[in-house]
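Asks: Spelled out, the chains give:
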Amino acid sequence: MPLDLSEPHFQEEVIAAGTMVADLAGVFSGSVLGALLAERRKMDLMGFLVLGLVSGVGGGILRDTLLQVGPPLALVKPSYLVAAFTGAFAAFIFELKHGPTVKLLSTLDALTLGSFAVAGTQRTLEVGLSPGTAVLIGIIAAAGGGVIRDVLIRRTPTVMRPEPGYYALAALAASLVCLAFSLTGHRRLALAAGMAVGAAVRLISVRRGWRLPIK
Amino acid sequence: MPLDLSEPHFQEEVIAAGTMVADLAGVFSGSVLGALLAERRKMDLMGFLVLGLVSGVGGGILRDTLLQVGPPLALVKPSYLVAAFTGAFAAFIFELKHGPTVKLLSTLDALTLGSFAVAGTQRTLEVGLSPGTAVLIGIIAAAGGGVIRDVLIRRTPTVMRPEPGYYALAALAASLVCLAFSLTGHRRLALAAGMAVGAAVRLISVRRGWRLPIK
Amino acid sequence: MPLDLSEPHFQEEVIAAGTMVADLAGVFSGSVLGALLAERRKMDLMGFLVLGLVSGVGGGILRDTLLQVGPPLALVKPSYLVAAFTGAFAAFIFELKHGPTVKLLSTLDALTLGSFAVAGTQRTLEVGLSPGTAVLIGIIAAAGGGVIRDVLIRRTPTVMRPEPGYYALAALAASLVCLAFSLTGHRRLALAAGMAVGAAVRLISVRRGWRLPIK
Chain F
87 MPLDLSEPHF QEEVIAAGTM VADLAGVFSG SVLGALLAER RKMDLMGFLV LGLVSGVGGG
147 ILRDTLLQVG PPLALVKPSY LVAAFTGAFA AFIFELKHGP TVKLLSTLDA LTLGSFAVAG
207 TQRTLEVGLS PGTAVLIGII AAAGGGVIRD VLIRRTPTVM RPEPGYYALA ALAASLVCLA
267 FSLTGHRRLA LAAGMAVGAA VRLISVRRGW RLPIK
Chain L
87 MPLDLSEPHF QEEVIAAGTM VADLAGVFSG SVLGALLAER RKMDLMGFLV LGLVSGVGGG
147 ILRDTLLQVG PPLALVKPSY LVAAFTGAFA AFIFELKHGP TVKLLSTLDA LTLGSFAVAG
207 TQRTLEVGLS PGTAVLIGII AAAGGGVIRD VLIRRTPTVM RPEPGYYALA ALAASLVCLA
267 FSLTGHRRLA LAAGMAVGAA VRLISVRRGW RLPIK
Chain W
87 MPLDLSEPHF QEEVIAAGTM VADLAGVFSG SVLGALLAER RKMDLMGFLV LGLVSGVGGG
147 ILRDTLLQVG PPLALVKPSY LVAAFTGAFA AFIFELKHGP TVKLLSTLDA LTLGSFAVAG
207 TQRTLEVGLS PGTAVLIGII AAAGGGVIRD VLIRRTPTVM RPEPGYYALA ALAASLVCLA
267 FSLTGHRRLA LAAGMAVGAA VRLISVRRGW RLPIK
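Chains as they are written, first to last, in my numbering: chain F, 87 to 301; chain L, 87 to 301; chain W, 87 to 301.
Be careful, since some hints might not be right.
Which copy is meant is left open, because identical chains are indistinguishable; a pair holds if it fits in one copy or across any two.
[To be verified] Straight-line distance between alpha carbons at most 30 Å, and here's what the computed DSBU-like set of lysine-lysine pairs gives:
# : residue 1 : residue 2
1 : Lys128    : Lys189
2 : Lys183    : Lys301
3 : Lys301    : Lys128
4 : Lys189    : Lys163
Bear in mind the hints are in silico, worked out from the structure with no lab data behind them.
Put together the whole structure using the sequences plus the hints.
Replies: This is how it looks when you write it as structure tokens:
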């Protein structure tokens, strides 16, 4: 029997695998970037691990703690913790601060931002909550880890400061696109489309130096 | 059939409606006051929204996350998020910092402080936890949002500083009164009495400049 | 019938009682030490209570909120809140800052650090999560209260700073030992062994001034 790429079940598996890869890549890049903040602050190894863990899986844990449908996915599926700790240790062992690595990781972070948002949005819809809540949880899942990270290093959360580049807004865009596709029955397409839009908004807004309005 | 105001079912609905109005007014006033802190700190629009949301519904979300009886009410009933975001946007759009608005909102905040406390206390009793826990959750529900708000703007939580006016103590009074009425079977009266006592303690203590003892 | 000390059921009760005593002693010492930080910062009585409560039961509440198997134990069993508030009030009323009390409390805190870690580890295993998650939750249960406490007083969490003495690492050791005994079927021994190892690592590392590596 020849492999039929248009077969729905096969497509679903590809998207599920793709989502998993995007998720883990997002956890890893977030973890490395978070742990690098420990380096700047001359923290010890535990500082790297805490900041890496919080930056990598904090948003998802916040999402699942709010939805209250069992223990957070990051505590149930070992791959999330492995990705987060690998990232934190990598930041501790290798010299990643200089050179092209940070830029590469930031791009990876931007590319995967949407995967956190769409996962948060779809999980909220599955729990049976309203579309508005689904969008909010999508944003919290994408931006929440960074907020906890910034609180721990006593920095005003990046997401609240008028810095160039949209973060929460990119997550909002990803969530809204995901929501639109989900509600019209295109559940699988919703993931891919949301991720693409989130990455695009993030990358373009950073490059153009867009900022949210200040009062 | 004439309307019988003393009919128990009717009374219950009036109190339920009154509690809902007090709750939403509390969310709204807390949200505007929280978002105004974003203005002072020159945050962008997202700062207004985060601080407004956290100040308005943070305490209730903390309550429900601790009690673990399903997703937080603020995520289930859209009216809470609507009230919080309306408050945050209002603070962003209008000039509320000066003039009588802040004073009006502070009074509204004081008047509704008790509604958070009694809701927290009664919900805890419904879950079957002890009266002591019910009072604690009442205080957390009333003061928790402000604590998260203060952590996010890197300020020592107001509730822990020797400032004039009782906040946590007003919530404690509201919770205790609510508890006393609830345990003696006057469940509906408990809400109204608790709210009234909470508002009175808050308003009088602010006017008189009362402070908690320092060691 | 003579009392048979080697009878399994009797041993189990002794260990259960011992664990309870260690737990409550840990909550009490953590609460006093936390509340003393309110004194240094000239906070009012509410500051003492908040810091005492958070330091004493914050880690356990974080553990149970993450595991999502019902309301946190500290909210269900009144003895935890009693121990925490007693500690906080004691710090407010008595002069504990000077003299041998702090040293005594720090030793008590070190001795009981492991009890938080093993309780977190075993509870996670009971919920059915992986050994790696069990160790992580053990560390969070032991160190989490201190992190929230430090965030509230706007201090970089002690556990992330290169200070002399292992804290998280002592909890890690306790959790690992507990895990090893638990997985080989010695569930009761796991508690005692884990606690002993945790206390030993903490006390020795403080005395020797050991620090985690900095990058």
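Asks: Now tell me if each hint is right for this structure.
Replies: So, going through the hints one by one against the coordinates:
1. Lys128 with Lys189: Classified as both; 22 Å inside a copy, 28 Å across copies.
2. Lys183 with Lys301: between (35 Å within a copy, 12 Å between copies)
3. Lys301 with Lys128: between (36 Å within a copy, 8 Å between copies)
4. Lys189 with Lys163: within (29 Å within a copy, 42 Å between copies)
In the structure shown, no violation is registered for any of the earlier numbered hints.
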